Amino acid sequence: MATLNRADWYDIARDTNWTPRYASVEEIFPDEMSDAFGLTVEQWEAYDEPFKISYREYVAVQSKKDADAYSVKAALARANFFDKAAPGWISILKMHYGAICLAEYIAVLGEAKMARFGKAPGMRNMATFGSLDEMRHTQIQLYFAHENIHKSRQLDWGLKTYHTQNWAGIAGRAMLDDVILGRDAATMSIMLTFALEQGFTNLQFLGLAADAAKMGDYSFSNLISSVQTDEARHAQIGTAALKVLIANGKKAQAQQAVEIAFWRNWRLFFSLTGPAIDYLTPLEHRHQSFKEFVHEFIVAQFERAIEDLGLDRPWYWDFFLDTTNYYQHSGHLELWFLRQTLWWNPAGGVTPAERAWLEEKYPGWNQRWGRLWDVIADNVQHGRQDKLFPATVPMLCNICGLSIGGIPGQGHHVKGHWTDYGERRYYFCSAPCKWIFDIEQQRYAGHKSIVDRLLAGDIQPGTIDGTLEYMGLFPGERGDDADDYAWARSALPPMNDRSAGHADAAAGL
Amino acid sequence: MHDQVAARTSGNDSKNMVGPVLKSGDIAEAAIAAVQDDNPAAALIVENHEAYVRIKAEGQCLIRQSTMEHHLGRPFEMAELETVLASFAGQIEATPEYMRFYFDKVF
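As they're listed, the protein sequences go chains A and B.
If you want my numbering, it's the 1-based position in the first sequence plus 24.
If you want my numbering, it's the 1-based position in the second sequence plus 2.
Just chain A, with the same shape it has in the complex:
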């Protein structure tokens, strides 16, 4: 029996814009759930999703993807990769699962909101598949994480992170709430699918997949690149939405949505993917530097996509490009220093050979960060345990939830950004984070970082142990150096090279 081509029936089959008789269009699609831009259902009918797929095709394709991912895992299960891999790599897996698994579940809810409240039939159709995609990502990654949970309870953070008050979980939740759960379908299609999925997920899911393949972790490499194939499809929801919005005179508002979401995502992804690629992946298995991945996927690919749609580069673009030289290095140093508060064990990643790689990829690295690691190594070698942990809490940004920092060793590179609102002062890491807060101050003012909570007396007792317990970190879960400080015993250059830079470096810490 001859069947029609998909192209011959697709549009009419997915066009479910019936004329409602029992409820008004406004009741069915309230602006706060559907469309903060206020376009009509008729205007949204121009929406033409570029990546069309039928339900039959979707099921066939997805079952192939799952069969592939699970069969590679099963085939490699006896190889005991987890027991043999470098500790830094195991830390990447723990970090990934804890940060990602339930973020995928938040995306299930986001896609479901677009599937219900999107005014364009094409958006609703694509987001239905998108929601199923994200369920797959949640479940399959939890399943992979739990394979080795009997070997380390830190892997339980795959399920746990976003249910705790861990500072990184708070930061992740705040971002995901802002760009996904707290937005209407149209805005979310830009913030979630365009900015996050077309931009940043490539870094974590393809950048790390490249390193994982070099590492011989084919199970993980195959898993995350499989996840990214779903993203490549449903990330197109936003492309089509942007075309409709721009055609209807909403470019400025759409541009602002891209800029908010891009920056919020960058602030989290540099701290997650950056240290993984530049420090935690064993040196011999590194494919490219984090900066090189950012340039491949964000500058060459995403920036070009922005231009192609008729949008402008975000106003902070030059500043963003500059931060690709240093955010991940200061971020890694900080994560290592705050390692007790993490659910993974960060590797120092600064042996002499690794320093040579860092200096080659980031000229000036030794002068900036190397000198600080010298101080830490010296403290390790002389058994100064008290100096290996922070004596005070970091200053956290009231938008991104990460610490306020800059480039060490160059005088005071950190710039103050703040806004006075209501009864208090809010501090920010950067001009873009302050800009985001100032757009809608009331939206963000109620959010308290872990440091705000400590100062307000919400955390009792306000000791290190009390704070760690408040964050849900119990003994056996708290991070420590992945290599038991072995790097520190090999990291020091001859003493006479170091004495000159010491005072500066110590001041920088």
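Because the hints were derived from the structure by calculation, they are not lab data.
A few of these clues could be false.
Said to hold, decoys possible - In silico DSS-like links for lysine-lysine, alpha-carbon gap of 30 Å or less: (1) A:97 <-> A:108; (2) A:275 <-> B:17; (3) B:17 <-> A:274.
Please read these numbers as outputs of a predicted model, since none were measured by experiment.
Once you've looked at the hints, dock chain B against the given chain A.
Just chain B now, with coordinates in the frame of chain A:
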């Protein structure tokens, strides 16, 4: 850094390079061959990143279902390319007969 596994270019990696990023494997290999057949006039670069290959064609990158079948030596539905399509540069047009990557604005 990645290796270049195939190139048909004057050497300039222009701002108009479009195309898929594919999970490595037999479908990706067939796609590399298909892209060369289906875009005879375009400058091409194929980068091997081990876990993935990045195919770049200047201006437009077309992959036909029939060309994929020819190189795979088996029936192939265009939608199956999605099983390895991890990312792409440019915009996409996905039909049962072909997948096409392109830019609206060419520099």
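Do the hints match the structure? See the list:
1. A:97 <-> A:108: With a Cα-Cα distance of about 16 Å, the restraint between residue 97 of chain A and residue 108 of chain A holds, given a limit of 30 Å.
2. A:275 <-> B:17: holds (23 Å)
3. B:17 <-> A:274: holds (27 Å)
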